[in-house]
Amino acid sequence: MDKEQQIREKLNVIFRNIFDDETLQIYDTMSAADVENWDSLTHINLIVAIEKGFKISMTTKEVQALSNVGELVRLVVRKLP
Amino acid sequence: MTFQSVEFAAFLTVAAFIYWLAAERFKRYVLLLASYVFYATWSLPYTALLTILTIVTHRVGLIIGHGHGERQARRAVGFAIVGLVMVLAVFKYWKILLTIAAQIGPSFGLNHSSRTYDLIAPIGISYYIFKLISYVLDVYWERLPAQTSLIDFGNYVSFFPQILSGPIQRAGDFFRQHPGTHNPTLARMQRGLRLIVFGLFQKFVVADRIGLGVDQAFLHPRDSTSGQLLVAVYLFPWQLYADFSGLTDIAIGLGRLFDIESPKNFDAPFFAVDIADFWRRWHITLTTWLTDYLFTPLRLKLRSWGQLGLAIAVFANMIAIGVWHGAKWTFVLFGASSGILLVAAALTQRKRNQFYKRHPSLARARRITGPLLTFHLVAFSFILFRAASVSEAWHVFAHALPAYLHPGRLRVAIQELWHGGSQFAIIVAALLTMELCHLARRRALLGRWLYCRPLWLRWCVYYAAVSVVLFFGIYTTKTFIYVQF
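Chains V and C, in that order, are what the protein sequence lines are. By our numbering, the letter at position 59 of the first sequence is numbered 59, and the numbering carries on one by one without gaps. Take any residue in the second sequence, count from 1 to its spot, add 1000: that is its number in our numbering.
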């Protein structure tokens, strides 16, 4: 399994936990409009959980530039050593 | 020149005709000229201020967007945000700033002049400065490329249907539509004109008719009975909603005449199931603006603070909403009370969602009890929004509550406030019509229904709608409530 796939699987677990939905399956074009309860509050909870889960840190500019899950995956890949 | 004046109708007709007839390459200039002529009718010196802020912000956008390096981009963003916020603060809060200067000046060896200054805030300044700030941040956050054309940027900032009181459209949404390059279709123009008539209905038939009684109670709360105050508390949210929703619909309708779709500002707010849901449906373009440019950056900065960081960010956001309306303690307390409610909602959101998942029957009942409870919370917090001072707000609150013990007096209060039951019956009928239209619009039912009817029937509906506005409207107030903000 390549590194990006591992990241996606780990991200999927975090998404399921944050949104309390065991059936949630992330995909690249998925955005806040596609997930119930993905609002400004849960968005920050999601970012914090991802930072903790991957032991990375994102800047405000990086978070604000994200528009879908695909961009989030690429950002996490870039941040990991 | 207000939207409801005869002069505006004449201006709109001329501007729209020139726009439609102009060659494609000239349309953007015609649109800009129309916006500036409209704004200049309010104040010529402030038109100069609008021009300067537009040119400077456009230049800042180019510096940020054209790869001069992160350091210079950060500096440019800081310069623009601080400058724009200062301009807004000076015009909106100059009285408070002068008071502070008078108090702290002498301790720094500055003499306080006894001369008083009168400074009237430029019309629409809160709205267009918010547009400028969001543009700068969007370019910095790489959500949007910098706009190279000063004319197109000028059209975004000064677009006359939106400049008085929004909706606060985002630059990306505006530029995506290539404004000032084409004429609207006939169907779109019809949709625009229908919305303008509906906006006038909400303003003149619903809001101003409710205002006849509500304004009387809030202007003289100490001369009003307990029953009159309670009726005013319940009806003021509807007056404000109809007034602002009417103004927004007129703005959206006017935009369609120039083939520009503006964002919506309301989404059936009084059907919200909790207070957080209410703020997602009320003055949407302001609340989403503050969420994106204040709440989220602040929440991100404070993310290591856990729930305390969340509470601070939510509270700061709501105080900003309150203070945005003006430099009055009533607005500060309005923001603070809404902030406390929203913090409580945010901290319990996850638990409440889990609870309703476990109890589906209660979740169904919540569809009725939720909006009822939310409406009461909103109506009582809006006392602070409407009252002239904190002491009057407290008087309204304390004296309205005893009326619950004497429900029979509410009927008398209604007859006193609107001089007879038949006037109130018109309000109830108008409110029901307004809400049915809003609900039908949510599902695009009304437009679709009309579209399928024969031409003669459609025109009958249009004539009937205009006649209702003319015959049942109240034409004593001069302006919309939200124009003052």
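Worth double-checking, as some hints may not be accurate.
Claimed, not checked - Quick list of in silico lysine-lysine cross-link-like pairs, DSSO-like style, CA-CA up to 30 Å:
| hint | chain 1 | residue 1 | chain 2 | residue 2 |
| --- | --- | --- | --- | --- |
| 1 | V | K55 | V | K10 |
| 2 | C | K1095 | C | K1328 |
| 3 | V | K52 | V | K3 |
| 4 | C | K1351 | V | K52 |
| 5 | V | K55 | C | K1264 |
| 6 | V | K10 | C | K1095 |
| 7 | V | K79 | V | K3 |
| 8 | V | K3 | V | K61 |
| 9 | V | K10 | C | K1301 |
| 10 | V | K10 | V | K52 |
| 11 | V | K55 | V | K3 |
| 12 | V | K79 | C | K1301 |
| 13 | C | K1095 | V | K52 |
| 14 | C | K1351 | V | K10 |
| 15 | V | K61 | C | K1095 |
| 16 | C | K1328 | V | K52 |
| 17 | V | K79 | V | K55 |
| 18 | C | K1264 | C | K1328 |
| 19 | V | K61 | C | K1357 |
| 20 | C | K1301 | C | K1328 |
| 21 | C | K1095 | V | K55 |
| 22 | C | K1301 | C | K1351 |
These are calculated hints, taken from the structure and not from any lab test.
| message | So if I understand the rule, the pair passes when the alpha-carbon distance is 30 Å or less; does K1095 (chain C) with K55 (chain V) pass? | response | 49 Å, violated
| query | Within a Cα-Cα threshold of 30 Å, do K1095 (chain C) and K1328 (chain C) meet the stated pairing? | reply | Holds. K1095 (chain C) to K1328 (chain C) sits at ~10 Å (cutoff 30 Å).
| query | Quick one, are K10 (chain V) and K1095 (chain C) close enough, alpha carbons at most 30 Å? | reply | Roughly 55 Å separates the two Cα atoms, so the pair is violated.
| Straight-line Cα separation of K10 (chain V) and K52 (chain V) no greater than 30 Å? | 12 Å, holds
| Going straight from one Cα to the other, do K55 (chain V) and K10 (chain V) come out at no more than 30 Å? | The given pair, whose Cα atoms are some 13 Å apart, holds under the 30 Å limit.
| Quick one, are K1328 (chain C) and K52 (chain V) close enough, alpha carbons at most 30 Å? | Outside the cut-off at roughly 42 Å; violated.
| Is the straight-line distance between the alpha-carbon of K79 (chain V) and that of K55 (chain V) 30 Å or less? | The given pair, whose Cα atoms are some 9 Å apart, holds under the 30 Å limit.
| message | Please verify whether K1301 (chain C) and K1351 (chain C) have alpha carbons no more than 30 Å apart. | response | 25 Å, holds
| said: Given the hinted pair K1095 (chain C) and K52 (chain V), is their Cα-Cα distance within 30 Å? | reply: 47 Å, violated
| Straight-line Cα separation of K10 (chain V) and K1301 (chain C) no greater than 30 Å? | Distance ~25 Å between K10 (chain V) and K1301 (chain C) Cα, so the pair holds.
| message | Check the hint pairing K79 (chain V) with K3 (chain V) against an upper bound of 30 Å on the C-alpha distance. | response | Distance ~13 Å between K79 (chain V) and K3 (chain V) Cα, so the pair holds.
| query | Taking 30 Å as the top limit, are the C-alpha atoms of K1351 (chain C) and K10 (chain V) close enough? | reply | Holds, because 25 Å separates the two Cα atoms, which is no more than 30 Å.
Checked against the numbered hints given earlier, this structure breaks hints 5, 6, 13, 15, 16, 19, 21; the rest are met.
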